[in-house]
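**Q** Single-letter residue listing:
2 protein chains.
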Amino acid sequence: MKHPGRAEALRELSGVVGPEHLLDDSSVRAAERATFATTQKIAAIVRPADRDEVRACLLVVAKHRLAVYPISGGRNWGLGSRVPTSDGAILLDLGRMNRITFFDEEMAHVTVEPGVTFGQLYDFLKERGSRLFANTTGASPRASVVGNAIERGDGTGPYGDRWAHVCALEVVLSTGEVVNTGFGRFDDTPLGPLHRWGVGPALDGLFSQSNLGVVTRMTVWLQPLPRSLHAVRFRLRDPDKLAGLVDACRTLRLDGTIRSAVGIWNDYRVLSTDGQYPWDEARGTTPLSREVVEKLSKRWGGATWFGLTAIYAASAEQGRAHRLHMEKTLSPRVDDLSILERTGEPTSGHELFTEHEPALDFLQGIPHEGSLRSVYWRKRAPPPASELDPDRDGCGVLWVCPAVPLRGADVVRAVKLCEEKMPAHGFEPLIAMIAQTERVMYLVPLIIYDRDVDGEDGRALACHDALLEALRAFGYLPYRLGVQSMRSLAPPRDEHGAVLRRIKAALDPSGVLSPGRYEFPTGRGD
Amino acid sequence: MKHPGRAEALRELSGVVGPEHLLDDSSVRAAERATFATTQKIAAIVRPADRDEVRACLLVVAKHRLAVYPISGGRNWGLGSRVPTSDGAILLDLGRMNRITFFDEEMAHVTVEPGVTFGQLYDFLKERGSRLFANTTGASPRASVVGNAIERGDGTGPYGDRWAHVCALEVVLSTGEVVNTGFGRFDDTPLGPLHRWGVGPALDGLFSQSNLGVVTRMTVWLQPLPRSLHAVRFRLRDPDKLAGLVDACRTLRLDGTIRSAVGIWNDYRVLSTDGQYPWDEARGTTPLSREVVEKLSKRWGGATWFGLTAIYAASAEQGRAHRLHMEKTLSPRVDDLSILERTGEPTSGHELFTEHEPALDFLQGIPHEGSLRSVYWRKRAPPPASELDPDRDGCGVLWVCPAVPLRGADVVRAVKLCEEKMPAHGFEPLIAMIAQTERVMYLVPLIIYDRDVDGEDGRALACHDALLEALRAFGYLPYRLGVQSMRSLAPPRDEHGAVLRRIKAALDPSGVLSPGRYEFPTGRGD
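Here the protein sequences come in this chain order: W and G. Residue numbers 108 to 633, in the numbering used here, belong to the letters of the first sequence in order. Residue numbers 108 to 633, in the numbering used here, belong to the letters of the second sequence in order.
Derived from the structure by calculation, the hints contain no laboratory data. Mixed in with the good hints there might be a few duds.
Copies of the same chain are indistinguishable here, so a pair counts whether it falls within one copy or spans any two.
Below, simulated EDC-like cross-link-like pairs (lysine to aspartate or glutamate); rule was C-alpha separation at most 20 Å, straight line [as the list claims (entries may be wrong)]:
hint : residue 1 : residue 2
1    : K523      : D354
2    : K435      : E424
3    : K435      : E234
4    : K348      : D572
5    : K402      : E127
6    : K435      : E452
7    : K170      : E115
8    : K170      : D230
9    : K148      : D601
10   : K523      : E476
11   : K348      : E213
12   : K435      : D157
13   : K523      : E401
14   : K523      : E127
15   : K405      : D572
16   : K233      : E576
17   : K170      : E213
18   : K405      : E424
Pulled out of the complex, with its shape left as it was, chain W reads as follows:
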């Protein structure tokens, strides 16, 4: 654990950021705590104020060959929170870099630093009376926009595939070099925030889900608020209808009727956001049995699956035409279809639906903590009224993130695997899924538990690993990985591993940046 140059490095880092921004106290211990069991220790937390301080910090750690682990918001809940992939790393907390450095209403984009949160961006747009909105995450208003985008997180609305709608990354390498992607590398051009690829090889992809550089700035494309917004909700009573529904979603996405994600939740998942674990009805036992779920779900007429999507349109006529087509396609495949419509000019309130129901807020890019409360599902005490902190509060959350073909048979098979494996390990199959693109369903089976219950940490990890493996056997591979499972994938069938390693050596020659993060087995004896 002890590294000879560490004390000297910390002195130098303190000189860079000022002693008040080099933390070596209880906040370090707090940062070592995720929503599942981890053992990695953090050497210190350093909080640079700007890009130049990031550069200087990286030069210090590279000189001393100390591992450094950048975080933007550190709210990577279920996948490791702020905990580094290697032991003894210095946490580079970019939270102070929270400036919105550029905004263009006409061309519909905004440039943000890594500390900018979804809540902050929403407030920024609302205060300016902007006619634009940024899609948001289901996680938390305090999550980082940059952090979520470079992790390729998902959102809603036409730009829900968040990573596909950002550009002009400013990246600092551990060599101290700065690289701007796309046209952003050139002086005196208006094209940087407008165009993704620029000219020549497109480097953006290298800095998503990677440990190759530190993203210190990014342009996020914004969408005009629709003049017609339909919130489309549906339910299935008969779970055997799921396959047909999934196929219909694909058809509607491919034909352009749905230009947004479709979220589908099972009854367990809905229960988990509707309150805490029903200890009384379950007579204190876990996991929650089907019988109890069926009793509780009578309040919704016994529905087993719940869907939400939206129609974003520029005019009431367009919205209604889409609605008509969607009703025609979905009606035979669902049991209840309920569509809420709002039309008008969202000038003052920056929103069309003013009910402030979590689902409707989400569709309009208004971040909220509604979904986050569900991580307190298994806790005996209620969640705090505000400032939810799953890491601090001992909420157990493990996220498995398989991508599954957006095809009924595949989705049903993957769901069945979750429904088998999770209860077998003592956990409810809390399943959400998101038709995020036209061809892929992101499945989100959540293992939620109480870290204060003896042995649960171990059982949850075992469940996670077994589920990942069962899904992998059918080729349903994860599209994101937790810090504990970076090496869980099979070796590739090609030389991807060796090539990625050479790219790593070219960009981070001292190898100090997030060692192990999105580094994979190569099958060559490594």
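Got chain W; can you put chain G on it based on the hints?
**A** Frame of chain W, contents of chain G only:
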């Protein structure tokens, strides 16, 4: 010019592909001929049959440190055709690799090798009675789908941003290593052709507009044929309306009404596709004066700008609602708006519009040579009836490819630069522009001339360089580069150049692959 190991290398290459696929004759001389003056010689043409032969060829050239220049279709007209960026290179012609290796109607994708042409892909889908279409290029049915996609060429329809709708690249490096992008690197998963990013750093971007690897396979996403297709055409008589029109296009793209490119051509460009240069009316002089253009354009009521876009919809109602909104927005900004509508099930004919008018074909993904004929504009003899070959026929074509913000003031300024510079150098301002994304207009000022006229080659290159420079001064940078202008950009304001060079060294350590291609000045004395 003579390289000590070349004779030995050619023998080895002949052993790999068979002597009949190693060309060292008149076809080599033909391949040295582009649509403008070049001096690079080609050592030989080698035509591998499959990926393994590509690997073997690359290992041979790497061993002997001989430059190799891969082409897919070699129809990069206006930007260099098949001519390599360095002198003495071996041309790696991938045209024999023309298999369509996978097709999935349900999930709407097809996997192709680099030799597959737009025409071949269209025929393939049509023969199978597919309900899907691939967007096409304006260039030629004989252009390569892979070549165009990795050059980030443009198309029409919802997937017009072609590079954004491909995935699962199979790439061979000069080291002989094979890399598959996205989930394609894993065995036994259905996700490869369905998902772009995979897990971990996304490498696709590295292999577009680059010299880092040879793409030997690629998945192309297909779109369902719309059940309602509107061809929207408009004209401007008063050129001062252009700025307002461009802004309206941005609004309609951002709000989701237009999900396809908008093409806008000036009168010169339309004349050039409508026949050859009017030598009689111009009394033998060039460039064509405004007076003659205005006389000729009386046949269209004096319009100066001509637009084409389309509405793709899943139902007649959706199509009509979009049309209504578009008419409302465009009508005040254009002089004529004419909309053709087709609805129905395009089962048998694989097309909705059966007129086989080039513009309507283009919207439906039916490739044709209509636009290509225009490169014979300045020739004294008419173009051949089929098998157009601008390289062979001495057609002069130089393409300048600036990206311009999709904002009226910027587009008008860029157009004015073309209208000034091009006639000053003796060429008509043949201008097309394509609103390819929601924020960027691709301008396509074409310098078309007759290579058989003394001195024209030199004047055309001077015009090209002056125009590139004039546009660059306003930050309107090229989004593609010709083989002659790879080093025409200003050095970046960051360390992009040094970093890209290290990536090159990591992926192509012997430096044999397309030396100079999309390699940029770094401003560090290189």
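**Q** Each hint needs a verdict: does it hold in this structure or not?
**A** We went through each hint and held it up to the structure:
1. K523 to D354: within (17 Å within a copy, 50 Å between copies)
2. K435 to E424: For K435 and E424, both the intra-copy (17 Å) and inter-copy (12 Å) Cα distances are at most 20 Å.
3. K435 to E234: Close neither inside one copy (40 Å) nor across copies (30 Å); limit 20 Å.
4. K348 to D572: neither (29 Å within a copy, 62 Å between copies)
5. K402 to E127: Answer is neither: 55 Å inside a copy and 76 Å across each miss the 20 Å cutoff.
6. K435 to E452: For K435 and E452, the Cα distance is within 20 Å only across copies (17 Å; inside one copy 28 Å).
7. K170 to E115: within (11 Å within a copy, 47 Å between copies)
8. K170 to D230: Neither, since 40 Å and 59 Å both go past 20 Å.
9. K148 to D601: neither (35 Å within a copy, 35 Å between copies)
10. K523 to E476: neither (29 Å within a copy, 52 Å between copies)
11. K348 to E213: So K348 and E213 pass the 20 Å test across copies only (19 Å; inside, 44 Å).
12. K435 to D157: neither (53 Å within a copy, 47 Å between copies)
13. K523 to E401: within (18 Å within a copy, 70 Å between copies)
14. K523 to E127: Neither, since 51 Å and 56 Å both go past 20 Å.
15. K405 to D572: neither (33 Å within a copy, 73 Å between copies)
16. K233 to E576: So K233 and E576 fail the 20 Å test inside a copy (44 Å) and across (41 Å) alike.
17. K170 to E213: neither (45 Å within a copy, 54 Å between copies)
18. K405 to E424: Neither. Shortest intra-copy (37 Å) and inter-copy (38 Å) distances fail the 20 Å Cα cut-off.
In this structure, the hints that do not hold are numbers 3, 4, 5, 8, 9, 10, 12, 14, 15, 16, 17, 18, in rising order.
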